[in-house]
Amino acid sequence: MASNKSSLREFQAHLAAKLAGAGDRSSSGLLGIQSGADFWLLNLSDSGEVVPLTTLFSVPLTRSWFLGVTNIRGNLYSVVDFSAFQGKEPTPQNPTSRLLLIGARFGNNAALMVNRMLGLRNVDDLSAVVADPEAPVWASRVYRDKDGRLWKMLSVRDLLADEKFMDIAA
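The numbering used here puts the first residue of the sequence shown at 1, with every later residue one more than the last.
Please keep in mind that the hints were generated in silico from the structure rather than gathered at the bench. Just to be clear, a hint being listed does not mean it is correct.
Stated by the list, open to error - Each pair of labels, with its calculated beta carbon distance range:
1) Ile168 with Val51: 19 to 27 Å
2) Ala135 with Arg63: 17 to 25 Å
3) Asp167 with Gly107: 16 to 24 Å
4) Arg116 with Arg157: 18 to 26 Å
5) Ser58 with Asp125: 36 to 44 Å
As the list claims (entries may be wrong) - Taking lysine-lysine pairs in the DSBU-like style, the calculated list, with each CA pair at most 30 Å apart, reads:
6) Lys88 with Lys164
7) Lys88 with Lys146
8) Lys88 with Lys152
Just so you know, even glycine gets a beta-carbon here, dropped at the ideal spot from N, CA and C.
Please put together the full structure from these sequences, using the hints given.
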């Protein structure tokens, strides 16, 4: 029993140190997510909370990528399948799927359903590449990591201002 308590204390101390370190590099800290086959980055200040997939309540006469609304601790969030919104394959609803709560700091309770979280990334470990000129303004920056993987930077502010994103009516 005593070893379990010490393990828990060690884990909590390790977690507290990691969180403190993430706060120190907030200007370079990014959250990595996977949506479909694409890898995305969000500024930590824009990323909001990440929660496991919850019960979704569909809304009639909306676009197929608009999955409905969900209740997170008494607050309603509109839920968008981020991959399907981009015209790609719908995100499977399984144990690794996550809801990324975005927009609260912008006055909009929106959530993106994504395949999975990929953890923290540091912009200093990435190099900028030329983005597709046809890319929407909310995805106009692209980076490459040391393994050659491409990461698109998601501008939450620009996504929430996108007319297509806000027009959920079918």
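Verification of the supplied hints:
Here the CB-CB span from Ile168 to Val51 is close to 21 Å, well matched to the stated 19 to 27 Å. Distance hint check for Ala135 and Arg63: the Cβ-Cβ separation is about 21 Å, which falls inside the suggested range of 17 to 25 Å. Distance hint check: the CB atoms of Asp167 and Gly107 are about 18 Å apart, consistent with the given range 16 to 24 Å. Checked against the hint of 18 to 26 Å, the C-beta distance between Arg116 and Arg157 comes to roughly 24 Å, which is consistent with it.
Taken as a hint, the range 36 to 44 Å holds for the pair Ser58 and Asp125, whose Cβ atoms sit roughly 40 Å apart. Distance check on the hinted pair: Lys88 and Lys164 sit about 15 Å apart at the alpha-carbon level, within 30 Å; holds. This hinted pair checks out: Lys88 and Lys146 have alpha carbons roughly 26 Å apart, not beyond 30 Å. For a cut-off of 30 Å, the pair hint linking Lys88 to Lys152 stands: about 15 Å separates their Cα positions.
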